[in-house]
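Colleague: Sequence:
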Amino acid sequence: RRLGQSRATVDLVRDLQTDRHYAVKHIHTETSAQSASAFQEAQRWIGLPDHPHIAACHFTRLGARSLALFAEYVPDGTLAERIARRPARPSDHAAELRTVLTIAAQTAWALDAAHACGTLHLDVKPSNILLKADGAAKLTDFGISAHAWSVHETQERMLRVWLEEFVGRFDEKENPEVFQGMVANARRNLLLGVFPEDPPPAPHTLPYASPEQAEGETAGAASDVWSWAVTLLEMLLGECTWPSGSIAPYVLEAALE
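Reading the sequence shown from the start, the letters are residues 1289 to 1545 in my numbering.
Zero decoy hints are in this set.
Distance condition first, Cα-Cα at most 20 Å in a straight line; then the derived SDA-like pairs of lysine to any residue:
| id | residue 1 | residue 2 |
| --- | --- | --- |
| 1 | K1420 | E1360 |
| 2 | K1420 | Y1310 |
| 3 | K1420 | G1292 |
| 4 | K1420 | V1312 |
| 5 | K1420 | V1362 |
| 6 | K1420 | P1340 |
| 7 | K1420 | A1392 |
| 8 | K1420 | M1523 |
| 9 | K1420 | R1308 |
| 10 | K1420 | D1338 |
| 11 | K1420 | L1291 |
| 12 | K1420 | W1397 |
| 13 | K1420 | L1520 |
| 14 | K1420 | R1386 |
| 15 | K1420 | V1301 |
| 16 | K1420 | L1300 |
| 17 | K1420 | R1370 |
| 18 | K1420 | A1368 |
| 19 | K1420 | A1383 |
| 20 | K1420 | I1371 |
| 21 | K1420 | F1358 |
| 22 | K1420 | V1298 |
| 23 | K1420 | L1389 |
| 24 | K1420 | E1369 |
| 25 | K1420 | H1346 |
| 26 | K1420 | H1309 |
| 27 | K1420 | Y1361 |
| 28 | K1420 | H1339 |
| 29 | K1420 | A1344 |
| 30 | K1420 | T1390 |
| 31 | K1420 | A1393 |
| 32 | K1420 | R1374 |
Distance ranges between label pairs, derived from CB positions:
| id | residue 1 | residue 2 | range |
| --- | --- | --- | --- |
| 33 | V1301 | A1382 | 34 to 44 Å |
| 34 | Q1305 | A1509 | 33 to 43 Å |
| 35 | G1526 | R1353 | 32 to 42 Å |
| 36 | A1324 | R1377 | 45 to 55 Å |
| 37 | P1340 | A1368 | 19 to 29 Å |
| 38 | A1509 | I1334 | 13 to 23 Å |
| 39 | L1385 | D1422 | 15 to 25 Å |
If you're looking for bench data, these hints aren't it; they were derived computationally from the structure. As the structure is a prediction and not an experimental result, all values here were calculated from the model. All C-beta atoms, glycine included, are put in the ideal place defined by N, C-alpha and C.
All chains should be modelled from the sequences, with the hints used to inform the complete structure.
Modeller: So this is what it looks like as C-alpha cells:
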C-alpha cells in the first residue's frame, strides 16, 4: 500500500518468504547517470552501522532511470505528523518538553554516528524523522534527496517557496530595509520568467537548509547540525522558522533591531 508521495513514492511491501515489511522508496531520475549516482549514495546509507536511532536501508534495486530503496519500516508515523497533531497549548508542558528534548537528542546521536562514518544526511527535517510506538526517533533518508527532483521540479519548488512562503510570511511595510529588495527580486523573476538554467537538484529542503546549502556552497557536518537545530525549533514553536536558511542573517538582524 502507498505510504506517501512527495519527491518520491513510498510503498509498504512484505517479503512473502520472510514476512518482513519494508518501506520502499521509488526514485525516478531523468538519466541513467543520475540513477547510478543515486545508487552510489544509497550504498553509504546501507553501509551505516546498526544504530537504535537510524532507520536502516537494507538493499536497493537499480533500474535504467529509477532506484528502489528497501528501508526499515517504522509504522508509527513521522515527527512532522506529530507536530501537526500537537495542540497549540499542551496540557503538560513539562512532559512535552521532555519528549521534544528526547527526540532532539536521539536524532543528534544518529547524526553523530553517521558523521563518524563520513556520511552526511543533507536533508534533516521532521518528515525524515520516524517515530516508534514507544516514542523513540529514527532518522531516515540519508543523502539521497538530491536525486528525487527533476530540473523542472526544482525550479518550480524554488518559486513556490519564495512566493507562497517568503512573500506571504513577511510584510514589506514592516521590514522594508531587510526584505523589500529580496521580495521585489522574486516578483521580478516571476514576471520575467528568469530562473537559473538547469540547476542541479538540491539535496535539501529550503526551510531546513543551512545558509551554505541555500547558497549552493559546499555542505558539511555543520549543515546537518543547522537543519537539526531548525527542526528542534519547529518542535518547540509548532511551525517552521523561515522559508530558507539564506535569509537567516536578515531575520536575526531584524530581531536584534
